[in-house]
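A.B. asks: Spelled out, the chains give:
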Amino acid sequence: MKYIDEYRDKQLVEILIRQIRDEVTRKWTIMEICGGQTHAIMKYSLQDLLPEEISLIHGPGCPVCVTPVEIIDQAVELGGKPNVILTSFGDMMRVPGSHTDLLSVRAKGGDIRIVYSPLDVIDIALSNPEREVVFFAVGFETTAPAVALAIRQAHKKNLANFSVLISHVLVPPAIEVLLTSADMRIEGFLAAGHVCTVMGTHEYIPLSERYKIPIVVTGFEPVDILLGIQKTINMLENDRYGVENAYPRSVKPEGNIAAQDLLQEVFVSCDRKWRGIGVIPGSGFTLADDYIRFDAGKRFKLHHIVAEESERCISGKILTGQKRPSDCPAFGAECTPEKPLGAPMVSSEGACSAYYRYHLRMC
Amino acid sequence: MCLAVPGKIISIDDTDPDMKMARVRFGEAIRNICIQWVDDLKTGDYIMAHVGTALSKVDEEDAEFTLDALRLMGEIDLSTDS
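First to last, the sequence lines map onto chains A and B. Residue numbering for the first sequence follows my numbering, beginning at 2 and increasing consecutively. Residue numbering for the second sequence follows my numbering, beginning at 131 and increasing consecutively.
There may be inaccurate statements among the hints.
[What the hints assert, rightly or not] For lysine-lysine, the following PhoX-like pairs were computed, each having C-alpha atoms within a straight-line distance of at most 25 Å:
id, chain 1, residue 1, chain 2, residue 2
1, A, K109, A, K302
2, A, K3, B, K172
3, B, K150, A, K158
4, A, K44, A, K324
5, A, K158, A, K299
6, A, K253, A, K274
7, A, K299, A, K28
8, A, K299, A, K157
9, B, K150, B, K187
10, A, K302, A, K324
11, B, K138, B, K172
12, B, K172, A, K253
13, A, K157, B, K150
14, A, K340, B, K187
15, A, K318, A, K340
16, B, K138, B, K150
17, B, K187, A, K253
18, A, K213, A, K253
19, A, K44, A, K3
20, A, K324, A, K274
21, A, K253, A, K3
22, B, K138, A, K274
23, B, K138, B, K187
24, A, K253, B, K138
25, A, K318, A, K274
26, A, K318, B, K150
27, A, K302, A, K82
Calculated from the structure, these hints are not laboratory results.
The following block holds chain A by itself, in its conformation from the complex (with noise of 0.2 Å):
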């Protein structure tokens, strides 16, 4: 496919390499924050071609691993209900809950749809006046402005039988408590192409400055994450930080306007729980007071939940690059994606599932 198969090209890649292991001469850490760059760094075993001073780290941005457990809870219990249609992207039907999974519901009777887009809900609230239909939103910022899309539709229809079960994060709260965090050992980032899409990189700008940090706006195919890393040690090795841009063809600097602008009408930033880190100030987006009528929390009286984490699970440890999944005892044994403890085991952009999908047998 255009756009694709030419950032997959051998000898580009072989290009990259070379121009890499000219710049490096000394070691360095670098974060890919998004969790589908992890997936593309297993898959092509980017790390094992890349010299061995540089040491590729993995970051939270998965959405379905940091939802928190008490909010898959709620999407179960709502699942579960009579009138309740509960629809999903697919990704979240098998994250363990305290107890149990949405598939599971499912299985036992729960009306849960798995939909393509939030805009495909709309269209199963009108067919099913009378009964709730209710979208578990999650997802970064590339995700949110789909969702208000969503409500907004839902709004201008005067639809009473939608509403949204909302955990929305969002990744600049993320990168600031890695970067403040006493085992912080990340002298480099690989922002996430897609969410600097929508959001344009002006947000990174300041974190850059701050930290002293070089941040690199980076895409997905193999060429794109190491010309990426290609520009993250360019600025190291030249004592340089800043913020770059190694995927132009889908960011601009500004972002998709249009689609700020919606996020700014639907949503107002909030705190929230991300699974295994805990609570980030102004990381995630809730309805704004116009579109509060939407909120499934609210509507069903959800907030009653107490959640169980596992405790042999060491996501939180894995979101913040802290720990490998191959350094976790449970990992491929107690934990796998037929039996996961913990959500990045089952997610597609999960760091678990990567390792367990292309490098069990080297781990």
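Keeping the supplied structure of chain A fixed, place chain B upon it in accordance with the hints.
C.D. replies: Leaving out everything else, chain B in the frame of chain A:
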């Protein structure tokens, strides 16, 4: 979940000014995608699509520039080696 994929616009339906839609081809699959937030799109353009919405138009000039710069880098490397 944050993955967006490039797709080629086959046709555009702008009958609803608040919900401009397009038929978009992704390899073998064809989907309806909301293109409301991306200006100046026409049939044949490539967009980056995510969960039913277009996030950006693929900038063909920038795409080619990146590839050309890398190929040039490769040629310079080879000539330096020889």
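A.B. asks: Against this structure, judge whether each hint is valid.
C.D. replies: Results of checking the hints against the structure:
1. K109/A with K302/A: 23 Å, holds
2. K3/A with K172/B: 17 Å, holds
3. K150/B with K158/A: 17 Å, holds
4. K44/A with K324/A: Within the cut-off at roughly 19 Å; holds.
5. K158/A with K299/A: This hinted pair holds, its Cα atoms lying about 21 Å apart.
6. K253/A with K274/A: Not OK: K253/A and K274/A at ~30 Å, beyond 25 Å, violated.
7. K299/A with K28/A: With a Cα-Cα distance of about 50 Å, the restraint between K299/A and K28/A is violated, given a limit of 25 Å.
8. K299/A with K157/A: 20 Å, holds
9. K150/B with K187/B: Roughly 15 Å separates the two Cα atoms, so the pair holds.
10. K302/A with K324/A: 37 Å, violated
11. K138/B with K172/B: Holds. K138/B to K172/B sits at ~10 Å (cutoff 25 Å).
12. K172/B with K253/A: 19 Å, holds
13. K157/A with K150/B: It holds: about 16 Å lies between the C-alpha atoms, which stays within 25 Å.
14. K340/A with K187/B: Violated, at about 40 Å.
15. K318/A with K340/A: Roughly 20 Å separates the two Cα atoms, so the pair holds.
16. K138/B with K150/B: Holds. K138/B to K150/B sits at ~16 Å (cutoff 25 Å).
17. K187/B with K253/A: Since the Cα atoms of K187/B and K253/A sit roughly 10 Å apart, the hinted pair holds (cutoff 25 Å).
18. K213/A with K253/A: The given pair, whose Cα atoms are some 23 Å apart, holds under the 25 Å limit.
19. K44/A with K3/A: 20 Å, holds
20. K324/A with K274/A: With Cα atoms ~20 Å apart, K324/A and K274/A stay inside 25 Å; holds.
21. K253/A with K3/A: Distance ~20 Å between K253/A and K3/A Cα, so the pair holds.
22. K138/B with K274/A: 38 Å, violated
23. K138/B with K187/B: 10 Å, holds
24. K253/A with K138/B: Given that 25 Å is the threshold and the Cα spacing comes to 20 Å, the pair holds.
25. K318/A with K274/A: 15 Å, holds
26. K318/A with K150/B: Violated, at roughly 43 Å.
27. K302/A with K82/A: Status holds; Cα separation ~13 Å.
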